[in-house]
Amino acid sequence: MPRRKISRREFRQLLVSFALMIALTVLAFYAISSENIDNSFAIPFVVVLAILQVAVQLIIFMHLKEDGHGYERIFISAGVLIATVTVAILIHTRML
Amino acid sequence: MQTGIKANQSASLPEHPERATLEGKNKVLGVWFFLGGETVLFASFFGTFLALRDGTANGPSGAELFSLPLVFIMTMLLLTSSLTSVLAVWAMQSNEYRKMQRWLTLTVLLGFGFLAFEIFEFVEYAHQGLRFSTSAFSSAFYTLVGCHGAHVTFGLIWIILLQLQGMKKGINLTTAPKYYVASLYWHFIDVVWVFIFTVVYLMGKVG
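Sequences listed follow chains A and B, in order.
FYI, the numbering for the first sequence is 1 to 96, going by this note's numbering.
FYI, the numbering for the second sequence is 1001 to 1207, going by this note's numbering.
Accuracy of the hints is not assured; some may be wrong.
To spell it out: a stretch of chain B is covered by chain A in this simulated footprint if at least three of its residues, at any positions, have a beta carbon under 8 Å from a beta carbon of chain A; those stretches are [said to hold, decoys possible]:
1. 1013-1019
2. 1023-1033
3. 1037-1046
4. 1075-1086
5. 1089-1103
6. 1197-1207
To be clear, the hints were calculated from the coordinates, so they are not data collected in a lab.
The beta-carbon is built from N, C-alpha and C at its ideal position, and this holds for glycine as well.
With the hints as constraints, model all of the structure from the sequences given.
Shown next as structure tokens:
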């Protein structure tokens, strides 16, 4: 069997993803630092940017969408589900 | 394709050596299961931090202490190290041993850079009066960010040990899954950091 050869397409995809993650980071820091952007908008905005960046990391860098990753997806999704409930309940305790 | 075979390379390495054996497949699966659990662990710390972050007990608050340029540099170091670990795995899959070791070394150096900034940051905060037991905020902050720092430290030791073993064993069907899962773990560390810089630092800066 042949050893793996990285195609130009794969390499380009990696660099584009990396550039995208840097752009999302810069945008998040800018949204918070800038005087022109209201904090009530900036806070939910940076959370959305973080979720996007993590999606890129999971799909491109960690190959989560590739074939043969069915159980991997179930495991990490179960973790994310319990994590979300945990965070929601803990934030809720603050409001009690 | 290059046909010359170097001393410690096997000619018949398959395209995905990390999943070529049942043991390799199980290791990858096991690490994803572990990362699912880690997600819940960090979620508990994040939730606790969000619930307690206003409890500064007359001690310094995050908005007073945090320096966004420092956090930005740390983010770039960790993000770049995530890229270099992808390149290390690609070199591993292409059976290019020297290239893989070079990318792993770069990953480790970037990781140490991140850790150095974090230690500097914690020492600086302690000087400004934010110690572990100062307030509910400080305990939650140091537990969450410190736990992540401990993961970085553990990841660095893990990768260095794999590099040392690699010098003896090279890339084969037994070692390939080890490089692959260490890289997965390293990406996960970056995933957690994305939420830390967003939730702790950026949201903390504006209150």
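Hint check results:
1. With 5 residues having a Cβ less than 8 Å from any Cβ of chain A, the stretch 1013-1019 of chain B passes the three-residue criterion, so the hint holds.
2. By the rule of at least three residues with a Cβ nearer than 8 Å to a Cβ of chain A, the coverage given for the stretch 1023-1033 of chain B holds, with 4 such residues.
3. Residue count for the stretch 1037-1046 of chain B with a Cβ under 8 Å from a Cβ of chain A: 8. That meets the three needed, and the coverage hint holds.
4. Check result for the stretch 1075-1086 of chain B against chain A: holds, 6 residues qualifying (beta carbon to beta carbon below 8 Å, three or more required).
5. Closer than 8 Å: that is the beta-carbon criterion, and the stretch 1089-1103 of chain B has 4 residues meeting it against chain A, so the requirement of 3 holds.
6. Evaluation of the coverage hint for the stretch 1197-1207 of chain B: fulfilled, as 8 residues show C-beta separations to chain A shorter than 8 Å, against a requirement of three.
Against the hints set out earlier in the document, no violation occurs for any number.
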